[in-house]
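A.B. asks: These protein sequences, in sequence, are chains U and A.
Just so you know, we're using the numbering used here here: the first sequence kicks off at 2 and counts up by one.
Just so you know, we're using the numbering used here here: the second sequence kicks off at 9 and counts up by one.
These are calculated hints, taken from the structure and not from any lab test.
None of these values were measured; they are calculated from a predicted model.
Keep in mind that a hint or two might mislead.
Reference listing, derived: stretches of chain U covered by chain A, where coverage requires no fewer than 3 residues with Cβ under 8 Å from a Cβ of chain A [stated by the list, open to error]:
#	stretch
1	151-164
2	168-174
3	178-192
4	221-234
Think of the CB as a built atom: it goes at the ideal place given N, C-alpha and C, for glycine as much as any other residue.
The chain contents come next:
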Amino acid sequence: MEFLNAVLRFDFLQNALLAGVLGGLAAGLVGTWVVVRRTSSVAGAMAHCVLAGLGAARWLQEVHGVSWADPMLGATAAALIAAALIATSTRQSSEREDTLIAAIWAVGMAIGLLFIAGTPGYTEDLMSYLFGNILLVRGGELWLMALLDLVVIGVAVGWYAELQGICFDEEFARLRGLPVNRLALLLHTLTALTVVLLVSVVGIVLVIALLTLPAAVAGRFTRTLSGTMILAVVLSMIFTTSGLWVSFSFDLPAGATTIVLAGVAYLAARIIPRRA
Amino acid sequence: MTHAAPVIEVEELSFSYDGHHPTLENVNFTLAAGDFASIIGPNGGGKTTLLKLILGMLKPRSGRVRVFGESPDRVLSRIGTMPQHTVIDSQFPIRVIDVVLMGCLRPGRKLGAFSRADRQAARDALERVGLLGLEHRAYSALSGGQRQRVLLARAIAPNPDLLMLDEPEAGLDRKIEQDFFDLLEELNRDTTVVLVSHDLGFVASFVRTVICVHTTVDVHPTSHLDGTMIQDLYGGEVQVVHHDRHL
Numbered sequence: 002m003e004f005l006n007a008v009l010r011f012d013f014l015q016n017a018l019l020a021g022v023l024g025g026l027a028a029g030l031v032g033t034w035v036v037v038r039r040t041s042s043v044a045g046a047m048a049h050c051v052l053a054g055l056g057a058a059r060w061l062q063e064v065h066g067v068s069w070a071d072p073m074l075g076a077t078a079a080a081l082i083a084a085a086l087i088a089t090s091t092r093q094s095s096e097r098e099d100t101l102i103a104a105i106w107a108v109g110m111a112i113g114l115l116f117i118a119g120t121p122g123y124t125e126d127l128m129s130y131l132f133g134n135i136l137l138v139r140g141g142e143l144w145l146m147a148l149l150d151l152v153v154i155g156v157a158v159g160w161y162a163e164l165q166g167i168c169f170d171e172e173f174a175r176l177r178g179l180p181v182n183r184l185a186l187l188l189h190t191l192t193a194l195t196v197v198l199l200v201s202v203v204g205i206v207l208v209i210a211l212l213t214l215p216a217a218v219a220g221r222f223t224r225t226l227s228g229t230m231i232l233a234v235v236l237s238m239i240f241t242t243s244g245l246w247v248s249f250s251f252d253l254p255a256g257a258t259t260i261v262l263a264g265v266a267y268l269a270a271r272i273i274p275r276r277a
Numbered sequence: 009m010t011h012a013a014p015v016i017e018v019e020e021l022s023f024s025y026d027g028h029h030p031t032l033e034n035v036n037f038t039l040a041a042g043d044f045a046s047i048i049g050p051n052g053g054g055k056t057t058l059l060k061l062i063l064g065m066l067k068p069r070s071g072r073v074r075v076f077g078e079s080p081d082r083v084l085s086r087i088g089t090m091p092q093h094t095v096i097d098s099q100f101p102i103r104v105i106d107v108v109l110m111g112c113l114r115p116g117r118k119l120g121a122f123s124r125a126d127r128q129a130a131r132d133a134l135e136r137v138g139l140l141g142l143e144h145r146a147y148s149a150l151s152g153g154q155r156q157r158v159l160l161a162r163a164i165a166p167n168p169d170l171l172m173l174d175e176p177e178a179g180l181d182r183k184i185e186q187d188f189f190d191l192l193e194e195l196n197r198d199t200t201v202v203l204v205s206h207d208l209g210f211v212a213s214f215v216r217t218v219i220c221v222h223t224t225v226d227v228h229p230t231s232h233l234d235g236t237m238i239q240d241l242y243g244g245e246v247q248v249v250h251h252d253r254h255l
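Please model the entire structure based on the sequences and the hints provided.
C.D. replies: And the structure:
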């Protein structure tokens, strides 16, 4: 009950809870596409590439006084560039895709580290970028998350069948005359935007778990993609909320607690026989 | 000779993946409407490549492919396809009816849920492959033979004029394979069927045309197929056994 009292008293805890719920919605929907298309390494590369954007924006602000270079803007730009690179390479040849993903993953991270090293007071920033600090989420980010949720819900409802088609059997979708490349780019773009917003919830290193684990658990207990999506959304929200609660009660880092809870659920789900 | 309009016309077609070693060279043939053709040949001989060229998924290095008299990508809506089943993730959370409905996807479809007509077409397709009643079953819970039937239902749901199937018999046991080919024979009454086969065993009574692919392509009516042709195609490693098949 201590947690509930604290939530009522402190704005920052209310913001954190809301961020977990709003972020969890996008994570559950987009994460389902990521899991069934087996593109979690793509999402991981985007997440790590975000550090380049965060670092560059911070460096521009602190060292060069470019006030409009908001870290969110930098993060979004970096994730979208990663999405475009990956989408283009998949179109041209599939055989070297994993190398490109590894390169974006590590080089993005390295660029970010170089910028951060050139910015005074870098260590605190670095820790919260890497492992998230949900207690620092601001009102503006909450509005962005709500907006992203609306876009993702709109796409998931409007293009449900088409996106399910390219996830299940891309080649068949192409032979039905669907604009497969554009639909894949749409999914990559939504993944990039979701990754950026989840970074403030669980951090760069842990984003990939919040995207994939709820959907992976949900997929074992549902027999439709929409069922998986709804269950994944509910699970994501439970993980972020209970993660915050547990971390507050035992004075633990919130992002890491959230991911460990999701990991425990995932292991438990693997032991329970499939029901679908 | 049949005088039906040609469904597939291939002229002077050559293709190479690397620009040096031809996968297919100077291929010429036509298939008439209503035919049941089997593409056979050794592994790596270019069977799937030929299928992909006919579907417009690969562009010829030279020569041309016409399907229903047009470039293949303009007539995709009239072609039903079935990939090798191995390309599909069998753990995907999806029901049988949702897989079949994918056959009703097309450019310019109204966004949102499928129309009543599309749902009816999907149910009709399931009925034709003998799986009506399993619509709400999870695809992952089906047997291999049932999955093949679901993928076939998906291919025929939009009522195609041409069916192109890539090794549909792979992974099926003999009994189920026989049922599956009986089904194809039935579908052949209103649809031209072309299938790639890795197995000579079913170059059976209902296959009317055999397309032998080994870089070059020869087309024979099944009745003319003999041991010499098979040995030429497979390099003499094949024993030909004649079966008398009674139906």
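A.B. asks: Determine for every hint whether it applies to the structure shown.
C.D. replies: Comparing the hints with the structure gives:
For the stretch 151-164 of chain U, the proposed coverage by chain A is satisfied: 6 residues have a C-beta within less than 8 Å of a C-beta in that chain, meeting the threshold of three. Check on the stretch 168-174 of chain U: 6 of its residues sit with their Cβ under 8 Å from a Cβ of chain A, so the three-residue criterion for coverage holds. Residues of the stretch 178-192 of chain U lying with their CB closer than 8 Å to a CB of chain A number 3, which satisfies the three-residue condition for coverage. Chain A is given as covering the stretch 221-234 of chain U, and this holds because 6 residues of the stretch bring a CB closer than 8 Å to a CB of that chain, at least three being needed.
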